[in-house]
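Keeping their order, the protein sequence lines are chains A and B.
Numbering of the first sequence is given in the working numbering, commencing with residue 1 and proceeding in unit increments.
Numbering of the second sequence is given in the working numbering, commencing with residue 1 and proceeding in unit increments.
Because the hints were derived from the structure by calculation, they are not lab data.
If you want the footprint, here are the derived chain A segments under chain B, 3+ residues with CB under 8 Å:
id : stretch
1  : 96-105
2  : 138-147
3  : 166-179
For every residue, glycine included, the Cβ atom is placed at its ideal position computed from N, Cα and C.
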Amino acid sequence: MSSNPSSRERVGVIGAGSFGTVFANLLAKNRDVILYARRPEEASRLQAERTYKSWALDPSVEVVNDPEYLSGECELIFPVVPSQSFRSMLRVFAPYLRPYHKMLHATKGLEITFREGQSLENLEKLRRDQVLTMSELITQETSVLRVGCVAGPNLAAEIADGQPAATVVASPFDEVITEGQQALRSNVFRVHANHDLIGIELAGVLKNIMAIGSGILDGLGYGFNTKAMLITRGLAEMVKIAKPLGAEVNAFLGLAGIGDLIATCSSPDSRNYTLGYRISKGLPPSEVIENMDETAEGVKTVAIVRALANNYRIPAPITLALYKILFQNYEIQKGIRLLMEFSYSEDGELI
Amino acid sequence: MESVQHYITEGILYEPIIPNIFNWPIARLFRKKEKFLNEVIEDTLKAVTQFAERQGNTVEQLIEKTMYRERIRMNENPWKVDPKDERKFWKNVKKDLISLDQLDDNEEEYTKMVDKLLKRIVRRYALEIVSTFKPGTYKFARRFLPFFFSTLLNASVAKSIRSFINHKRQIQERIHMMGEIEQLRSLSRKGTVVVVPTHLSNLDSILVGWSLNALGLPAFTYGAGLNLYNNKILARFMTSLGAYTVDRRKRNPIYRSTLDSYATLAAIEGVNHIFFPGGTRSRSGEIEKDLKHGLLSTVIESQRRNFVEDPRAQSEKIFVVPLVMSYHFVFEAKTLIKQYLGKTGQEQYYVMDRDSSDIIKFLQFVWTTFSKSSDIYLSYGRPMDVFGNFVNEEGESYDAEGRKIEIQDYFKSKGEYTEDHQRDKQYTKLLADKLVERYHVENYVFSSHLVAFVAFQMLKKRRSDLNLYSLLRLPSDYRTIELDEYLEVLSRVLDKLREMNNEGRVNLPSHLRNEPAAIVEHGVKNLGLYHDKRPLKKQGEKQLVSDNMNLLYYYHNRLVGYELESLI
Numbered sequence: 001m002s003s004n005p006s007s008r009e010r011v012g013v014i015g016a017g018s019f020g021t022v023f024a025n026l027l028a029k030n031r032d033v034i035l036y037a038r039r040p041e042e043a044s045r046l047q048a049e050r051t052y053k054s055w056a057l058d059p060s061v062e063v064v065n066d067p068e069y070l071s072g073e074c075e076l077i078f079p080v081v082p083s084q085s086f087r088s089m090l091r092v093f094a095p096y097l098r099p100y101h102k103m104l105h106a107t108k109g110l111e112i113t114f115r116e117g118q119s120l121e122n123l124e125k126l127r128r129d130q131v132l133t134m135s136e137l138i139t140q141e142t143s144v145l146r147v148g149c150v151a152g153p154n155l156a157a158e159i160a161d162g163q164p165a166a167t168v169v170a171s172p173f174d175e176v177i178t179e180g181q182q183a184l185r186s187n188v189f190r191v192h193a194n195h196d197l198i199g200i201e202l203a204g205v206l207k208n209i210m211a212i213g214s215g216i217l218d219g220l221g222y223g224f225n226t227k228a229m230l231i232t233r234g235l236a237e238m239v240k241i242a243k244p245l246g247a248e249v250n251a252f253l254g255l256a257g258i259g260d261l262i263a264t265c266s267s268p269d270s271r272n273y274t275l276g277y278r279i280s281k282g283l284p285p286s287e288v289i290e291n292m293d294e295t296a297e298g299v300k301t302v303a304i305v306r307a308l309a310n311n312y313r314i315p316a317p318i319t320l321a322l323y324k325i326l327f328q329n330y331e332i333q334k335g336i337r338l339l340m341e342f343s344y345s346e347d348g349e350l351i
Numbered sequence: 001m002e003s004v005q006h007y008i009t010e011g012i013l014y015e016p017i018i019p020n021i022f023n024w025p026i027a028r029l030f031r032k033k034e035k036f037l038n039e040v041i042e043d044t045l046k047a048v049t050q051f052a053e054r055q056g057n058t059v060e061q062l063i064e065k066t067m068y069r070e071r072i073r074m075n076e077n078p079w080k081v082d083p084k085d086e087r088k089f090w091k092n093v094k095k096d097l098i099s100l101d102q103l104d105d106n107e108e109e110y111t112k113m114v115d116k117l118l119k120r121i122v123r124r125y126a127l128e129i130v131s132t133f134k135p136g137t138y139k140f141a142r143r144f145l146p147f148f149f150s151t152l153l154n155a156s157v158a159k160s161i162r163s164f165i166n167h168k169r170q171i172q173e174r175i176h177m178m179g180e181i182e183q184l185r186s187l188s189r190k191g192t193v194v195v196v197p198t199h200l201s202n203l204d205s206i207l208v209g210w211s212l213n214a215l216g217l218p219a220f221t222y223g224a225g226l227n228l229y230n231n232k233i234l235a236r237f238m239t240s241l242g243a244y245t246v247d248r249r250k251r252n253p254i255y256r257s258t259l260d261s262y263a264t265l266a267a268i269e270g271v272n273h274i275f276f277p278g279g280t281r282s283r284s285g286e287i288e289k290d291l292k293h294g295l296l297s298t299v300i301e302s303q304r305r306n307f308v309e310d311p312r313a314q315s316e317k318i319f320v321v322p323l324v325m326s327y328h329f330v331f332e333a334k335t336l337i338k339q340y341l342g343k344t345g346q347e348q349y350y351v352m353d354r355d356s357s358d359i360i361k362f363l364q365f366v367w368t369t370f371s372k373s374s375d376i377y378l379s380y381g382r383p384m385d386v387f388g389n390f391v392n393e394e395g396e397s398y399d400a401e402g403r404k405i406e407i408q409d410y411f412k413s414k415g416e417y418t419e420d421h422q423r424d425k426q427y428t429k430l431l432a433d434k435l436v437e438r439y440h441v442e443n444y445v446f447s448s449h450l451v452a453f454v455a456f457q458m459l460k461k462r463r464s465d466l467n468l469y470s471l472l473r474l475p476s477d478y479r480t481i482e483l484d485e486y487l488e489v490l491s492r493v494l495d496k497l498r499e500m501n502n503e504g505r506v507n508l509p510s511h512l513r514n515e516p517a518a519i520v521e522h523g524v525k526n527l528g529l530y531h532d533k534r535p536l537k538k539q540g541e542k543q544l545v546s547d548n549m550n551l552l553y554y555y556h557n558r559l560v561g562y563e564l565e566s567l568i
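Only chain A is shown next, with the shape it has when bound in the complex (with noise of 0.2 Å):
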């Protein structure tokens, strides 16, 4: 790793949150990086302060709120922005960006066109062309091809405590994955390769749904079976998901798959467990998702995924238990009990 840090290739990182200061820090290791803040005045109180939360911010981190200086400055892109501000936020960006950028992003949602009439609440059916993945998105709204994603059991605080991890760089694009890896790459993070970016970008998407199923369980105080009950059988419900989308099996045997799966459905600290935990103890699910201080993608997954499962004719007991639950005020147990009633399927059945 290069010692001087004048010399030092600059990168971008785009949103200032829990996990995008802690990938400014963890890139801050190799290359020197320039930080967006969406408000300006957090972005100068970053830049002043230098702590996020409990962490403080590498000295290599200059954060900005100036979009054109940022695209100008870095050809590699980190965005880290949660999915219902991604499209506004590359509309910000476009003006400034060029075929030569390469961006990575970090956000595990969907984007969704809803025809006519329809909305997230009285969504009963999807069709693939609806659904945009962020890097999707990213051609879409942007001349950028070279896009990719990085996905992975990686929990910002742990991270940020400088805990060993590893995640996946996914891109088609050799490039991509190289400029990633060498980005990301340290003695305290291990940083994996694949060409599935599609199948990566969907195995951190539904991964949110079990997170949350996660969460109720051990509100309800029960024990390991049921939990490995759940992501055993959630693991196969995302991939019966995530093929007919254009996945392959592979993606979800790995960190961005079953890694990302225990570590989210494991601990408390994740924001879709904690949203699952919460309605667990009774409250609303409506009040508990309103007072969430940073967003719980999985709510919107649960709903995007039980309405592409209804048009793909997929089973997806888990997905729909849990729409009953958070969408059509079901009683948890209730919930439970469809789950376990649900006619059986083969076990072990991915590939």
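Go by the hints and put chain B onto chain A.
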């Protein structure tokens, strides 16, 4: 979308872009044919070496593999057109390969021998592929193409010159060229144009060639299957028009590299090109959804090298123009759908396989289609750069928001042009996806496609217990549809198509603006007009019936991919 409609009245409808045929890029290229050929050979040698490296093979191993495949081809699939000396040639290659073993100690000598051997093979392939554009023949062809047909046809079918002349007027009124024609003309002045048509019929290449000439564009080069060359007259004729030879039996990497280099270098020289990216005619009748990436990748490669190598780089852009042809009647439909259903997988060509009686058959077919069938549409799609961004009249690329894009940047990394084969492969895939999307948008839906689609889907829904093959074997008593119900369903699909048309997702010809009943009348009348058994016909006043389910399925397939099935 602005649509221009023109009828062909004379050979050329538009003022020629380059009036003097000797100044056309293709004519210039073939005046220095030897030099060009050597460039192709040198380029191929480099490409083969790189290919071997990527595959973790040695060049010698590639040669061995190629020889092995060539021997299988010669034994199992010989054609009349194959040169007499090819067995001897490959025998010598084998001999040389064996003698290489004795050079194991002398690495320098060894490499030299391998290179020499490779060069011999590549040269042989390049000579086989290369075309010779002859301005004289081209002029002759475009002036006398109609006469050419009539003279040959006179012997067999055409009754008199007068009947030919009568027909001629009708022929010319029936070919509709739609779409971005002025832009296409303007772009051909700015860079190299690559027209990528859908492929339904053997008629396509003649039609496209004729149409591009009518538009006043300099001649395009295109790959013609070696099987066409079994007929000597036609072979000479096509080569002189600038067609190069493609032998689909030769799937070995050395041959493919030679072909790719040929196409790439021709495009770099500014020669306009016609590719059929589907590879062969659509067997199912569907609009192409899987494109062959091989030749498409040469478009990306040419564009990159234009920027990197050519000093005139700034202006040398390659424009990709999708072209969708619509017919009411496809002459070969019966054979095509049979092959599709049988999944024979074997490339069988209707045209001129062995003897010259087939050429008469083929010309009869051209004649039938041109003179008797009702409208043919050629829909020239919005021109794009090789990354699928639309371009303006000046050839500048724009994104969806109207921001200008410098496409050189797609080939750059850290400020420099970089050569990255894997990246270009991904770009090729993106271009292929984009083309498939554009084909569906630029397509003109005909009344005949609509009536076939609705009829087949209704029968399918009624007998949802049957799989496709049983459905196609449905006894004739069960193939009737009540007209009242049919009209109702058809109206729904029609409404959807009109809605999609308004959103710019598909094109409709004027005859689809009529009332549903009139459309059904028009569609049924035109659908597969000259098949001996009609895919769909009226039975009494209140019913429709299919005499040939395979053909109904074939024409129905044209509307698959628009997600209209749920409206049935």
